[in-house]
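Please model the complete structure; the sequences and the hints are all you need to start from.
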Amino acid sequence: MTAQRRGLGTNQEAVRRHNLGTVLRHVHGAGQISRAQLTALMGLNRSTIADLVLELASLGVVEQTVPTGVRSGAGRPSAGVRLAEVGPYVVAVDLGVDRAVVARVALGGDVIERATAPIPSGGGEAWQVGSTVAGLIRRVVEGAPAAAPLLGVGISVPGLVRRSDGLVRLAPNLEWRDVSFGSIVLAALGVDVPVQLANDADLGALAEHRRGAGVGIDDLIYISGNVGVGAGVITGGVRLEGAGGYAGEVGHLPFAPEGRLCHCGNVGCWETEVGAHAIAAAIGCPESDVVTLGDVLDEYAGPQRALGATGKALGYGLASIVNAFNPRLVVLGGYLSSLYALVRHEVDDALAERALPAPHESVTLSLPGLGSDSVLLGAAEIALEPLFADPVAALGTALVDVGARLAG
Numbered sequence: 001m002t003a004q005r006r007g008l009g010t011n012q013e014a015v016r017r018h019n020l021g022t023v024l025r026h027v028h029g030a031g032q033i034s035r036a037q038l039t040a041l042m043g044l045n046r047s048t049i050a051d052l053v054l055e056l057a058s059l060g061v062v063e064q065t066v067p068t069g070v071r072s073g074a075g076r077p078s079a080g081v082r083l084a085e086v087g088p089y090v091v092a093v094d095l096g097v098d099r100a101v102v103a104r105v106a107l108g109g110d111v112i113e114r115a116t117a118p119i120p121s122g123g124g125e126a127w128q129v130g131s132t133v134a135g136l137i138r139r140v141v142e143g144a145p146a147a148a149p150l151l152g153v154g155i156s157v158p159g160l161v162r163r164s165d166g167l168v169r170l171a172p173n174l175e176w177r178d179v180s181f182g183s184i185v186l187a188a189l190g191v192d193v194p195v196q197l198a199n200d201a202d203l204g205a206l207a208e209h210r211r212g213a214g215v216g217i218d219d220l221i222y223i224s225g226n227v228g229v230g231a232g233v234i235t236g237g238v239r240l241e242g243a244g245g246y247a248g249e250v251g252h253l254p255f256a257p258e259g260r261l262c263h264c265g266n267v268g269c270w271e272t273e274v275g276a277h278a279i280a281a282a283i284g285c286p287e288s289d290v291v292t293l294g295d296v297l298d299e300y301a302g303p304q305r306a307l308g309a310t311g312k313a314l315g316y317g318l319a320s321i322v323n324a325f326n327p328r329l330v331v332l333g334g335y336l337s338s339l340y341a342l343v344r345h346e347v348d349d350a351l352a353e354r355a356l357p358a359p360h361e362s363v364t365l366s367l368p369g370l371g372s373d374s375v376l377l378g379a380a381e382i383a384l385e386p387l388f389a390d391p392v393a394a395l396g397t398a399l400v401d402v403g404a405r406l407a408g
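Just so it is clear: in the sequence shown, position 230 is 230 by the numbering used here, and no numbers are missing.
Each hint should be verified, as a subset may be incorrect.
As the list claims (entries may be wrong) - Within a straight-line C-alpha distance of at most 16 Å, the following computed EDC-like cross-link-like pairs (lysine to aspartate or glutamate) qualify:
1) 312 <-> 349
2) 312 <-> 249
3) 312 <-> 346
4) 312 <-> 348
Said to hold, decoys possible - For each label pair, taking beta carbons as the anchor points, the in silico distance ranges come out as:
5) 85 <-> 267: 53 to 61 Å
6) 41 <-> 396: 34 to 42 Å
7) 60 <-> 29: 18 to 26 Å
8) 396 <-> 235: 30 to 38 Å
9) 235 <-> 178: 37 to 45 Å
10) 111 <-> 60: 19 to 27 Å
Worth flagging that the hints you see were computed from the coordinates, not collected in a lab. Beta carbons: idealized from backbone N, C-alpha and C, even for Gly.
Shown next, in the form of structure tokens:
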């Protein structure tokens, strides 16, 4: 009987911590929400919600607001819950081919401070990039309140990232293979904090689903144009990662059997038609400008016909993706946003030509709702996940006064 009671107590504690995380996730998504809304969303009674909110307030992550006097139904007005003004934060890293962007991000997805630095052409040695990223992290946490805990670091990588341990198996445009980049960054920082790594397109999809163009849409695909082409897939509201974490390499789908040689070693991959190098060649752009192709396309004033074949190839490739996954929304990120603005009709016509009628009826193409921050905010979201899984445990191991620690 004693063992049974211990088991029951352990289970009840796990349920309580799960509910704490669920409440916090709702507040994180909404910024501010009433306790009555939380009651309806979670199916728990009012007193249980009140206790959970009170505990989260004691942990320093939320604050309660005074009822306004406006009723949403019968009874007294419900108190509100909002994120704490000085609460925990994460560091998000968007590692590109030519630059790194690092930000201090609070709950609610608020970017408090950011810093950017170039990285060597071709990525350079991983330890050099890690040192650059560590320096940017020091800059963005320097001004953080001493009492605000750092929960962890989320890093996006333009390549294949092993889900089990964050090993970068291949980042071709950085010329990396089997790099433990998270460990490199931690060694350069000299502190031990949780680090999460994931593919850039996967994180773009996650952020657009939670905060951008895909809010309320459970089946979406984010197509990333970042020299190469990749995809992040959300299906049924869940990230599709694959057995090892490598799902979404749509740039290497067979497209033109007699086409160009791809850097992956195959011939005629979709990326050879819609990748940055192919687009640069189509408009006569120097190879040195490939890494800033989005800016080049934003200012492009040349003949539209130069991009007509590219737009058609983009639409045909999207049709294959739509046929395979049946998404409601396809978000075009990176330089593909700028490209779509130039060749929208060609893309739409080619998609309609090749997509099956049934899945085509339900899909919409969109630009990112988060602009150029989709991947950065996705990196913040994965760093926050342990907090939502167990707020008590995550806050119990979080670092405070990080600015002073890193300065020292």
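Hint check results:
no., hint, result
1, 312 <-> 349, "8 Å, holds"
2, 312 <-> 249, "20 Å, violated"
3, 312 <-> 346, "5 Å, holds"
4, 312 <-> 348, "8 Å, holds"
5, 85 <-> 267: 53 to 61 Å, "57 Å, holds"
6, 41 <-> 396: 34 to 42 Å, "26 Å, violated"
7, 60 <-> 29: 18 to 26 Å, "19 Å, holds"
8, 396 <-> 235: 30 to 38 Å, "34 Å, holds"
9, 235 <-> 178: 37 to 45 Å, "29 Å, violated"
10, 111 <-> 60: 19 to 27 Å, "21 Å, holds"
Hint violations for this structure: numbers 2, 6, 9, all remaining hints satisfied.
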